[in-house]
Amino acid sequence: MLKSLAMPIFKVLFIIVVFMHPVLSHSDIRQQLTVSTDLATEGYVTLNWDDFEGDEVSVNLQVATDQSFQTLVRDLKLRGQKQVHLSGFTDGSYFVRLVDDERQLLTNEVSFQVKHRDLQMAWLLFAVGLVLFVLLLFSIIRFTHQNK
Amino acid sequence: MIDAQIPPQTALIILAVFGIAWIAFGWWLGKSNKTIDDFMLAGRSVGLALASATAMATWITSNTTLVAPQLTYQFGVWGMIGYSMAALGLIFFAPMAKRIKSLMPAGYTCGDFIRVRFGRVAWYVFLFVSFFYALGWLVSLGMAGGILLQALSGLDYHLGMTVILAICVAYTLLGGLRAVIATDYIQTLIILCGVLFIGYICWRDVGLTTIYESVAREQPQLLNLLFPAAIMFLFNNIFFGIGEIFHSNVWWSRAFAFREGIGKRAYLIAGLLWLPIPIVTGFIALAALALNIYPPSPDMVGPLVAAKLLGSVGAVFVFIVVFSALASSLDSLLAATSDLLTQDVYRGLLYPQASSTQLYKVSKYVILGLGLLTWLLCLPRVATLGELLNFTGAFVASTIWPIVFGLYRSRLAGNFAAAAMALGTLCGLVAYFEIGFYVAALTSCLVSLLICALGLLLRDASFDWRQLKKMEKARDY
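Line order of the protein sequences matches chains L and F. Residues 0 to 147 in numbering that gives the first Met the number 0 are what the first sequence lists, from first letter to last. Residues 0 to 476 in numbering that gives the first Met the number 0 are what the second sequence lists, from first letter to last.
Rather than coming from a laboratory, the hints here were simulated on the basis of the structure. The structure presented is a predicted model; accordingly, all values stated were derived computationally and were not measured. Some hints could be false.
[As the list claims (entries may be wrong)] Simulated restraints on C-beta separations:
hint: 1; chain 1: F; residue 1: L274; chain 2: L; residue 2: L129; range: 15 to 23 Å
hint: 2; chain 1: L; residue 1: K114; chain 2: F; residue 2: R465; range: 56 to 64 Å
hint: 3; chain 1: F; residue 1: G46; chain 2: L; residue 2: R78; range: 47 to 55 Å
hint: 4; chain 1: L; residue 1: V127; chain 2: F; residue 2: L195; range: 34 to 42 Å
hint: 5; chain 1: L; residue 1: V127; chain 2: F; residue 2: Q352; range: 46 to 54 Å
hint: 6; chain 1: L; residue 1: V130; chain 2: F; residue 2: L274; range: 17 to 25 Å
hint: 7; chain 1: L; residue 1: S35; chain 2: F; residue 2: L195; range: 55 to 63 Å
hint: 8; chain 1: F; residue 1: I19; chain 2: L; residue 2: V127; range: 45 to 53 Å
[What the hints assert, rightly or not] Straight-line distance between alpha carbons at most 20 Å, and here's what the computed EDC-like set of lysine to aspartate or glutamate pairs gives:
hint: 9; chain 1: L; residue 1: K147; chain 2: F; residue 2: E259
hint: 10; chain 1: L; residue 1: K76; chain 2: L; residue 2: D99
hint: 11; chain 1: L; residue 1: K81; chain 2: F; residue 2: D155
hint: 12; chain 1: L; residue 1: K147; chain 2: F; residue 2: D463
hint: 13; chain 1: L; residue 1: K114; chain 2: F; residue 2: E433
By construction, the Cβ of each residue, glycine as well, lies at the ideal position given by its N, Cα and C atoms.
Could you put together the complete structure from these sequences and hints?
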């Protein structure tokens, strides 16, 4: 009886080992990647991910403008860090993922949008600032002169 | 890629060597402190060279070496230029330093001025603003120490922050303002030489073309002069810098401490010398991507780039420069805030009959207390340096117009000055949370001006300037 059960048991074990192996050997597969904001109004974001095994594990952070990652705008090789701050993005939608050196996916994919603040509002604030500044400069010069 | 350039043990040894040197120097200088005037105001006899050096060194903070690169990394060219415009605070304060010294020859703190000029209500509002700002700045400096050591040596943030705070508290405690100013002079030389050297190496080894191409390719927005948030940031940072200097006892105490006729020239020289420093430190941040440096946090970009350029030996050099910048500001802030709390709160509110001996003792306890409070607030590391600092912009920018009108115009009444500071701060904070950190100071300053203008229109306080000259202070043991 034992002999007759051995083969089926062996087959089951074989299936488990073969098909579960990627999960067993990559206990860190699909680490959680998170982005600091969905909408960046200044063109910068901070990305965080979980620790991978060992400080010296090398990962590649890819940022693309399309979901299929055909058009990469950043392809960074990182080691020894689980956070990165990226800046200087222009308006648009961006998709991010972490892959290993064989381009195997290590994390979930995240996305964020960059929409810079209204330029007219910016110029309005600039104008307000300039007027205030000139007023202050004029006041200090005039008051100093009057008090001599 | 993050590589620790200095072994943690080396970082601790450097800290220990500098710490012992600074503390011993502070102790030696502190031996000549006999009165509260000596401890708080270095005997009111500081000459031009030391005066210019201390003004410049105090304004070159860890923020100049860490936040200027951060803001350049985030806002590009405007970030760099905007930060350097903080030099205008020193330059605009120059004539005011002279006015302050002439109005209050026996004065100790800016709180004294506000109390006598505007009355108690305005004084309470001002103390709140001033203390909140001082704490924000202290925390940013403490955090910077931890961040610096972590970036350069991998040393735990909490350990680095603790050690640096402890050293600065120790030598300020021993030497008072005399030690602060003397160490500032040495630190100025280190900072100037160090920053210029690092900037030169960056230009020589990386090259302007390489930097430009990598930024244009990967961070194109940083080169865009029509970057909306950066345009908003420019004047906000100017008013933040002006507000910091106009209201803070760090600068008023120096105006009192400098010899007659020195203040105006010293602040002018300091401002002009300071102006290019953030441009140099900001510039090196643009080289990050060309050097394959991707900082985990934007406030780490400066030391990471400098350490990469200079290697292990250079990292030590960078560490010494930034530590000097840190220490030169931390000690000033500890001393000045202690002055404010001792004179204005302890003596002004709690124990008006306190003698000089008591005040001398209390000021030391206050320095210790401030150091401990700063340490506690630095522990959680709640924000980046830029965000934390600009949060205080909403507070300090509200004081600009009350102080300018208060020094030169007798018409502005105390209740309007108080309202200007309170409402300016409130509106600045609303703007901070609703729009962003780069509009807080501008909003605060604008609202404050409107209320001051209303006050000048509606009422004439006719303040008698002689009241400031008559201020009496306990001076004798």
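Hint check:
no.	hint	in the structure
1	L274(F) <-> L129(L): 15 to 23 Å	19 Å, holds
2	K114(L) <-> R465(F): 56 to 64 Å	58 Å, holds
3	G46(F) <-> R78(L): 47 to 55 Å	52 Å, holds
4	V127(L) <-> L195(F): 34 to 42 Å	36 Å, holds
5	V127(L) <-> Q352(F): 46 to 54 Å	48 Å, holds
6	V130(L) <-> L274(F): 17 to 25 Å	23 Å, holds
7	S35(L) <-> L195(F): 55 to 63 Å	35 Å, violated
8	I19(F) <-> V127(L): 45 to 53 Å	51 Å, holds
9	K147(L) <-> E259(F)	16 Å, holds
10	K76(L) <-> D99(L)	9 Å, holds
11	K81(L) <-> D155(F)	16 Å, holds
12	K147(L) <-> D463(F)	18 Å, holds
13	K114(L) <-> E433(F)	16 Å, holds
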